[in-house]
Amino acid sequence: MEFFQYALEACTFDNLLWMTIGALVGSILGALPGMSADTGIAIFLPLTFNLEPVTGLITLGAIYVTGSFGGNITAVLINTPGTSDSLFMTLDGYPMTVRGEGLRAIGITTFSAFIGGMIGSIALLFIAPPLAQIAIKFGPWELFLTTLMGLIIILGLVKGGMLKGLISASLGFLCTMIGMDGITGLSRLNFGIKPIYDELPLLPVVLGMFAVSQVLALAADKTETISIDKSSMKGSPFLSLKDHLSMLFNNIRSSIIGTVVGIIPGAGTTVAAGISYNLARKGDKHPETFGKGNDQGLATVSAANNAVVGGSLVPLLTLGIPGNGTSALFLGGLLIHGLAPGTQLFNRTPETAYGLFFGLIMANFFILLIGLFGAPIYAKVTKVPINILIPIVGSLCILGAYTYRNLAFDNFLIIIFGIIGYYMVKADIPMAPFVLAFVLGKNTEIHFRRSLLLTDGNLASVAFTPLAIALLTVDLIFLLSPFWGDIKKFFKKDKELAL
Amino acid sequence: MENKTSKKSFNFNYLSVALIYIWALAFLLWTPKIKDPGSRMFPVAISIFAIVLATILLLKTYFKWGKQEELDFSGSKMAMLMAALLIAYVALIEAVGFYLATPFYLYITMWVLGQRKKKLMISISILMPLIVFVFFDLILGMQIPEGMLLPMLLG
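Residue numbers (our numbering), protein chains in the order written: chain A, 1358 to 1856; chain B, 11 to 165.
Same shape as in the complex, but just chain B (with noise of 0.2 Å):
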């Protein structure tokens, strides 16, 4: 079966050959690098299976063998967004602390994928860390990241 697509799409196997062969070419000139010859075995055989892999897949998307996916990368805007914010989120963490954070994280993230319920977006940007606090903090006695500011300001 082909793609039945009625524009030429771009076809992201090619992406994913790219991305592997990377991978493995990363892991391939890293192998020099040991010195112990068992030590090397492995990963020189693995990161070779792997490009051949690639390259298998390579000529199996470019002659169009086999069955042929459709593959939908529609979407992935918002999923990279989501990424971003989950980084930022933990540079946050970092700064101020988790409880200060996530409010901030949990509004901001709501409200970029569409929730406009200002008062249960509060709420649950408060409630989540106070769960958070009473659940993992003070019953489990987990460590909860405190941040760089707030033992600055508590001296």
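Looking at chain A on its own, in the form it has when it is part of the complex (with noise of 0.2 Å):
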């Protein structure tokens, strides 16, 4: 088979040296309140452009994979998510360690997120490549349909409300078309500044945005440390054959779900663990004791999560979408080493695809290494002052900036995203819009325009063949479904009105 001969290739000093680094720095940012796998993801993007590609990708892969599960230490131990995607481990992780049961609900955590991570890694590798095979059939028309899949999907990835939402994506997609348009080849919307004649570069508005503006966050909001009580470390993460056992039909179910939510771009983590808990604890004979400090609750949600990350890289990897704000930063790294997703990807570069497959499946190990016996001291690492967090990761900011074109220009434009980014966070305008526009506008462009061009503006010739209507309708689903919560929740309150 395919990947078991590019895993063998994949299986370099080289590429195991980056994917422990990458595991390593993944779990510290993912554990850090206020840091996540997408700065990880953001900083290390420059930093992988002197490696080979496969190398590049297993590094954001290992990242994106422990940065999830880091995370769930902090919620565990300390009831303070690292990442919003760690926010259902609070419910009944910290009530285990309160209770002094600490080591065993991170020992719960661990296993249930090794099984979840491994089963979406896996689903990616046998559900990738066939999907790739149809996007080939995908003409211009079909390509926009989809890219503009992508944005509208930025609708159902919104907090803030749909109008600011809407309000970040028009600002981030002005933004990519700045530079060469894509079919006359001319210069655009340039503003007399030579560096941007080409184009506003990726890099630096993805470092600007996701780790410039956290460290200007970090500064602004005066966290000092946090500390764990060592009460609450008592026994071992290593859980009996009947515990494992007794989780293994959640374990499994959860995977499922998270990868399967995964897959829908824009549904993302919190979807999968809502779903995932809910299942959980309407099929348990004590369904009180959820939010409680139940294993069940705890292991559920673990699995789901950490199987959100195959099931996100996959519309990614075939037809170019982002699963989530996370895989968006992920595009960036395919892109940056020159790679494109859809069939290119897996026909022209597959030892890429594949050892990229098996960095993910190898990561999850990671998973194990970490929880079971790293979690005493990952419990200190939150313990570094947030007053020399920030220094360090500034400068590794403005480092990383350098290494993409050495142009002191590039670190001025990540300081002006940075703030960008940190007035977006105050004002309650989500940033995850702005990047996926930014990412996915210049394409959507691009196909819309060469769609009129091939078809002498006659659009009806191409939009109504089965794959177009069928993409159609797939975007309208997705453009109205943020409104059915909201129709929901109005006949809720009427009801509560009348009572």
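Hints are computed from structural coordinates only; laboratory data are not their basis.
A hint or two may mislead.
To be verified - Subject to a maximum C-alpha distance of 30 Å in a straight line, what follows is the list of computed DSSO-like cross-link-like pairs (lysine-lysine):
1. B:K87 <-> B:K43
2. B:K87 <-> B:K129
3. A:K1649 <-> A:K1639
4. A:K1494 <-> A:K1649
5. B:K127 <-> A:K1846
6. A:K1599 <-> A:K1642
7. A:K1551 <-> B:K127
8. A:K1642 <-> A:K1849
9. A:K1599 <-> A:K1551
10. B:K45 <-> B:K87
11. A:K1551 <-> A:K1494
12. A:K1649 <-> A:K1846
13. B:K87 <-> B:K74
14. A:K1846 <-> B:K87
15. A:K1849 <-> B:K128
16. A:K1639 <-> A:K1849
17. B:K43 <-> A:K1551
18. A:K1639 <-> A:K1494
19. B:K87 <-> B:K70
20. A:K1849 <-> B:K127
21. B:K77 <-> B:K87
22. B:K77 <-> A:K1846
23. A:K1849 <-> B:K43
All of these numbers come straight from a predicted model, not from anything done at the bench.
Got two chains here, each in a separate frame; can you build the complex from them with the hints?
Structure representation (structure tokens):
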């Protein structure tokens, strides 16, 4: 089988070393409140320039996998999720810690995250290659509808309201049009600034919005350090066979849910965790114990969360649609290495695609190492004062920007976008739509204009094919889906008022 | 739900609207320089769309339609100070290079953020550039900015 051949090829010292580095960095950043896998990927994007594409992607993949897990440790031990993905961990994880079962809770979340991550990564291996072959049948109009889907899905990502999400996306779309027009090849909207005649580069935008804005936000928040009560660290993270078997069904079910939800762009870990948690609670003999330190409650959300990682990369690698904000950064990683998602990735550079899958599967084993042996150490990591962390991260961001084009201009760009990102966080304008629109906007425009050119303006000739109608239907479903929640809330309010 | 503040605090949505208008108008006013009509289509459409959305936000904020957010910009002075330090850091790197600029940046930023353990600050200020040298320069072979001063001194 192709995968095994390329997996063996990917087993080089460099790849394994960088996978280790990525896994450690991802887990540390995931554990630190205020930091996340997004920050780690943004910082490492430029640093992977000098690496082979497969090595760079393996590194980013390892950060993604362990970054999603890293937040579980602080969520369970100190009720402070390192990332919003780990929010559900606090429901049952922290109560377990309070009653002195902190290490046992770490053990549960570790094994469950491992199972979820493995199922998600293996699903990616089996689903992505055939899906990528289907994508080759897409013409410009179908590609336009597909990239449009990615933009519409932004509405599902928005937390601050659809209006601000659309505003954010519009501004990101405008920025992506700076530089060379993909159809005419002429420079536009460059405002007379030479370094952006070709384009507004992706790296400074991403680094600024995800990493520098975090530096500024942490400085503004003045959080110092967080400490862990030693009495919560009793017991062992190693569970008995009976414990493992009792959670197996929930773990597998949640992993499948997480994978499927991850494939649906915009759905994310919160949706996956929510669905899994509710199913587990309804099926449990003692549902009233959920939220008070129930093993199954903790296991189910841990498995679902990490399964989303593999699932979210399916639409990204096959159709170029990021499944969530983090995978949008991953798309940046592909683009920076000169790779394009879709059939090209699997047909022309299969060693890169399969090498990445191998890396993701292997990175899940780091979850076991970190959780089972490293939890007490990670608990100490949270003690690093923020006033030391901020300047170090700031310096790495600046260094990262220099590795791209060695231009001071790029550093000023990251600072500008860092300020913009900081303002957006404070003004409750979501950042993810901006970045998604920035990443997808150019191609959306190119595909649309190419469709017009190829059909001489007569889109009816391509708009009514079965594939085009199917894609348009999906687009409309995604466009209308944010309103269903509002309608349900509206009727719920009416009921409450009546009571 | 309305904002519950005892004093009339500035609603930063108004500032957001102003900034969006400036951003979108800057793009819209630049579009006449684009000769090709196909190339002009999306910039014009998206700029106008952004202006319309900003206007809706303005009306929503003024007439208090729907849920009103509570926006907290406290701590922004420190955030802007950090941004200023980063700008100064970049300028210093351009002058003296990464290895000379970084210890100063790290020490000053730690001090501004309230760190007072001098031995720790000095250790980190020296250790971090050293780690960058070993890991990124020697092992990875990355080009670390040298600045203008070092090449001049070395000839």
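Here is what the structure says about each hint:
1. B:K87 <-> B:K43: violated (38 Å)
2. B:K87 <-> B:K129: holds (28 Å)
3. A:K1649 <-> A:K1639: holds (15 Å)
4. A:K1494 <-> A:K1649: violated (51 Å)
5. B:K127 <-> A:K1846: violated (53 Å)
6. A:K1599 <-> A:K1642: The given pair, whose Cα atoms are some 17 Å apart, holds under the 30 Å limit.
7. A:K1551 <-> B:K127: violated (44 Å)
8. A:K1642 <-> A:K1849: Distance ~28 Å between A:K1642 and A:K1849 Cα, so the pair holds.
9. A:K1599 <-> A:K1551: violated (65 Å)
10. B:K45 <-> B:K87: violated (43 Å)
11. A:K1551 <-> A:K1494: violated (39 Å)
12. A:K1649 <-> A:K1846: Distance of about 27 Å is within 30 Å: holds.
13. B:K87 <-> B:K74: holds (28 Å)
14. A:K1846 <-> B:K87: violated (39 Å)
15. A:K1849 <-> B:K128: violated (58 Å)
16. A:K1639 <-> A:K1849: holds (22 Å)
17. B:K43 <-> A:K1551: Holds: B:K43 and A:K1551 sit about 16 Å apart, inside 30 Å.
18. A:K1639 <-> A:K1494: violated (43 Å)
19. B:K87 <-> B:K70: holds (28 Å)
20. A:K1849 <-> B:K127: Since the Cα atoms of A:K1849 and B:K127 sit roughly 56 Å apart, the hinted pair is violated (cutoff 30 Å).
21. B:K77 <-> B:K87: holds (28 Å)
22. B:K77 <-> A:K1846: Holds, because 13 Å separates the two Cα atoms, which is no more than 30 Å.
23. A:K1849 <-> B:K43: Measuring from Cα to Cα gives roughly 52 Å; hence the hint is violated.
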